[in-house]
Amino acid sequence: MAFDGKIHCPLKLLRPVSEIAAAYVATNHVAVSELPALLARLHAELSRISGQTTGSPTAITKKPTASEIRSSLSHEGITSFLDGRTYKALKRHITRHGLTPETYRRRYGLPPDYPMVSPAYSARRTAISKAIGLSRSQKASIAVHDEQPARRQRKAA
34 MAFDGKIHCP LKLLRPVSEI AAAYVATNHV AVSELPALLA RLHAELSRIS
84 GQTTGSPTAI TKKPTASEIR SSLSHEGITS FLDGRTYKAL KRHITRHGLT
134 PETYRRRYGL PPDYPMVSPA YSARRTAISK AIGLSRSQKA SIAVHDEQPA
184 RRQRKAA
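Residue numbers (our numbering): 34 to 190.
In case anyone wonders, no lab produced these hints; they're calculated from the structure. Don't take every hint at face value.
[To be verified] Capping the alpha-carbon separation at 25 Å, the derived lysine-lysine pairs in DSS-like fashion look like this:
hint	residue 1	residue 2
1	Lys163	Lys121
2	Lys124	Lys163
3	Lys124	Lys96
4	Lys95	Lys124
5	Lys121	Lys95
6	Lys163	Lys188
[Stated by the list, open to error] Restraint ranges, calculated between C-beta atoms of paired labels, are given here:
hint	residue 1	residue 2	range
7	Arg129	Ala99	21 to 29 Å
8	Arg158	Ala56	48 to 56 Å
9	Ala189	Lys121	53 to 61 Å
Cβ atoms here follow ideal geometry from the backbone N, Cα and C, with glycine treated the same way.
Generate coordinates for the entire structure from the input sequences, incorporating the hints supplied.
Next up, the structure:
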């Protein structure tokens, strides 16, 4: 990387880059010809950490092919395009990376109906809900409640 003599660093990052570079050069031997590359790496890393990337995240991210999208979905889990691990539910995982389901789908070019929960996990949660009676509609719940016999009154003493 050749140094063109111009500073391409936002003022917000100029001070941290220069302080880190000065501290590094003070304790390590660095050739003069390596200083521009060192400054560029420091600037790139600080920009990445602070979220000031020059390109948009969608331009940087590799979009999966249709076959990769199909293979990311299995009955037991959904494979994340962020780290390649399989999850029962992606929402908590992607929010840790600062994404919403909509931005995750947009970032990787996924269809709007791409699931965030695996079919097996969804079926298990549905079975639990039905078992504890959460699947009844309000009307059915009221009808069942009305059909129960009235309790007997206490006898007056």
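How the hints compare with the structure:
| no. | hint | in the structure |
| --- | --- | --- |
| 1 | Lys163 - Lys121 | holds, 20 Å |
| 2 | Lys124 - Lys163 | holds, 23 Å |
| 3 | Lys124 - Lys96 | holds, 19 Å |
| 4 | Lys95 - Lys124 | holds, 20 Å |
| 5 | Lys121 - Lys95 | holds, 23 Å |
| 6 | Lys163 - Lys188 | violated, 39 Å |
| 7 | Arg129 - Ala99: 21 to 29 Å | holds, 27 Å |
| 8 | Arg158 - Ala56: 48 to 56 Å | holds, 52 Å |
| 9 | Ala189 - Lys121: 53 to 61 Å | holds, 58 Å |
Comparing the model with each numbered hint stated earlier shows that hint 6 is the single one that does not hold.
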